[in-house]
Amino acid sequence: MIGERRFGGLGVYALAYLVFLYGPVLLLPLFSFNDSIYITFPLKGFTLAWYRQMAENTQLVLALQASLKVAVAVAVVSTVLGLIAAKAVTRYRMPGKGPLLGFLMLPLVVPSIVLALGLLVVLRLALGFELSLLTVAAGHVMLCVPLAMLVMISRLEGFDRNLEEAAADLGLNPWQTFWRVTFPLSWPGIMASLLLCFSASFDEYVIAAFLTGNETTLPVFIFSQLRFPQKLPGVLALGSCILIGSILLVTLAERLRRKGLQPQTAVAP
Amino acid sequence: MTTLQPLREDRAGPSPRTAASESLGRRLRLAWFRHDGLRGYALISPTLLAMLLLLGAPLVSLVVLSFWTQTYFEFDTTPTLRNYAKLVDWQDTPVYLRTLWRSLLMAGAATTAVVLLAYPIAYFLAFRVKQHKMVWLVLITVPFWTSYLLRIFAWKVILGFNGLINSSLIGLGLIEEPLEFLLYNQAAVTITLAHAWAAYAILPIYVSLEKIDRSLLEAATDLGKGPVEGFLKVTLPLSLPGTIAAALLVFIPTVGDYVTPTLVGGSSGLMVGNVIQSLFGKANDAPLGAALSILTMGVVTLLVCALLWAVRPNRSGAELQVRR
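Just so you know, the protein sequences line up as chains G and P, in that order. The opening residue of the first sequence carries number 1 in the working numbering; numbering runs sequentially from there. The opening residue of the second sequence carries number 1 in the working numbering; numbering runs sequentially from there.
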């Protein structure tokens with residue numbers, strides 16, 4: 001009622017839009033507690049059986065471990081690669097910067113099925129690599145570098161370049177300048193990039209499905225379970241856990257971002 | 001001539017001496033400090049090297065592969081355009097062009113739905129919400145962070161053969177048999193894509209609306225324009241760049257989407273990504289699959305360029321109009 005008076009018809013529409021945005025996804029936790037393998041209204045009874053079943057599934061636990069390993073490695077490697085690339089393009093006048101950036105951003109626009117098959121051709125046919133979690137991680141690094149670069153470029157452009165120049169004038173060498181000035185100031189960006197790359201890799205299915213060997217990652221495991229109706233409640237429970245995990249990650253990222261903004265405004269008013 | 005002379009002498013003077021005594025290392029170091037770009041490229045080289053190996057090589061190898069021919073388990077490496085001829089042959093093998101066309105239509109429909117649904121929300125955020133703007137922005141970006149696979153999976157749960165709609169309707173005694181038209185068709189793919197990408201379109205539109213100088217709107221009111229005319233003549237043209245960006249952000253990835261049609265598309269809702277995959281897999285014709293990949297990317301690039309070209313004069317015209 002209050003919302004309606006304050007915002008008018010658009011406010012009502014906005015609320016309806018939020019329901020549309022969240023509704024389907026919130027069905028997963030709702031039915032993960034439902035005491036029935038059929039997903040149907042009315043709800044039967046409350047149960048934790050699907051969560052228990054999930055925790056006892058060794059295949060699932062292995063897939064979760066594999067996904068965590070890959071995602072952590074990918075987040076660290078992509079963020080380092082993204083940070084140095086962002087530093088290069090924001091701080092140096094490089095000839096051919098436009099085409100260079102265009103090339104590095106290609107993974108954002110090329111369909112991931114094309115990237116996956118191209119990588120498969122190179123790694124498998126040309127280089128003769130054995131497919132494993134390592135090849136999955138390599139593919140994910142390629143996907144995540146542009147994401148990390150976008151985050152880091154906006155962060156590096158956001159703070160005063162004079163700070164770095166002042167550090168250099170005061171006699172710090174480039175390495176010291178990086179560690180004492182650039183790195184602390186871009187720390188919130190680095191955290192945001194780590195979280196973004198982690199969740200992108202953790203969630204990625206197509207490249208993982210084509211480049212994985214014997215060990216599967218979590219999305220590939222979930223995909224394989226979708227074929228069996230009796231496994232559906234277990235997947236619902238798993239999906240709910242992932243949902244809660246990613247919401248916690250977003251909250252953490254947002255907090256870090258805000259925390260990082262305060263000292264910066266104090267340093268460069 | 002006179003101004004150049006001393007400069008040239010200056011440079012030429014010490015050069016014979018230094019050229020002899022200067023080591024290669026010193027000259028390199030000089031170049032290093034003199035050329036900003038060189039240091040930039042040195043810094044970016046690990047990233048560039050990794051991306052050349054993981055992105056450049058795969059794309060180049062697909063291009064090369066698309067000119068080869070599959071002979072059972074080997075490749076005939078004589079360059080040929082036969083794969084491309086096969087793809088565009090409307091008479092004998094219409095399936096490729098037809099699938100590509102269908103993918104473009106489905107992605108176009110999903111994009112249109114996403115942008116039309118997102119625009120009012122972006123407008124609401126930019127012009128109506130005064131307090132708690134951050135809360136709204138976070139609420140809208142959270143789904144952007146949650147698993148893409150799960151969002152699609154949710155729709156499979158809703159629309160499926162034993163899904164929420166069907167089983168609930170049967171439970172209520174309204175229908176006897178599950179409704180089969182809900183899942184595994186083009187409409188299901190389009191709805192699912194529109195929902196999965198909904199959050200991506202709001203931010204670019206919001207940013208372009210937020211940037212609009214509010215005094216322009218006041219000027220329009222002062223000149224006797226009503227709210228509708230003000231919107232059509234000022235707000236809409238000025239937010240067009242962000243809206244186009246949003247549309248591209250959704251359209252480009254959805255054309256080549258593979259997960260959504262695989263999960264909810266069935267056989268009639270297959271998109272070009274699925275055909276490419278089957279060419280590399282079961283159909284055992286990787287060169288043809290590579291050619292289809294290249295063709296798809298080429299067509300999408302052409303469409304995007306055509307769109308950008310088509311709206312460009314409009315955009316500058318609108319800006320001129322407003323400035324006057």
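Heads up, a few of these hints could be off.
[What the hints assert, rightly or not] Ranges of calculated distance between the beta carbons of each label pair, as one might list FRET restraints:
| id | chain 1 | residue 1 | chain 2 | residue 2 | range |
| --- | --- | --- | --- | --- | --- |
| 1 | P | His35 | G | Val72 | 34 to 44 Å |
| 2 | G | Pro184 | P | Trp32 | 21 to 31 Å |
| 3 | G | Glu157 | P | Leu307 | 23 to 33 Å |
| 4 | P | Arg29 | G | Val80 | 53 to 63 Å |
| 5 | G | Ala168 | P | Leu49 | 21 to 31 Å |
| 6 | G | Val72 | P | Asp36 | 30 to 40 Å |
| 7 | P | His132 | G | Ser224 | 39 to 49 Å |
| 8 | P | Thr71 | G | Gln59 | 52 to 62 Å |
| 9 | P | Asp36 | G | Ser224 | 50 to 60 Å |
| 10 | P | Ala42 | G | Leu170 | 43 to 53 Å |
Everything labelled a hint here was simulated from the structure, so no lab data went into it. By construction, the Cβ of each residue, glycine as well, lies at the ideal position given by its N, Cα and C atoms.
Comparing the hints with the structure gives:
no., hint, verdict
1, P:His35 x G:Val72: 34 to 44 Å, "holds (38 Å)"
2, G:Pro184 x P:Trp32: 21 to 31 Å, "holds (27 Å)"
3, G:Glu157 x P:Leu307: 23 to 33 Å, "holds (28 Å)"
4, P:Arg29 x G:Val80: 53 to 63 Å, "violated (26 Å)"
5, G:Ala168 x P:Leu49: 21 to 31 Å, "holds (27 Å)"
6, G:Val72 x P:Asp36: 30 to 40 Å, "holds (35 Å)"
7, P:His132 x G:Ser224: 39 to 49 Å, "holds (42 Å)"
8, P:Thr71 x G:Gln59: 52 to 62 Å, "violated (39 Å)"
9, P:Asp36 x G:Ser224: 50 to 60 Å, "holds (51 Å)"
10, P:Ala42 x G:Leu170: 43 to 53 Å, "violated (24 Å)"
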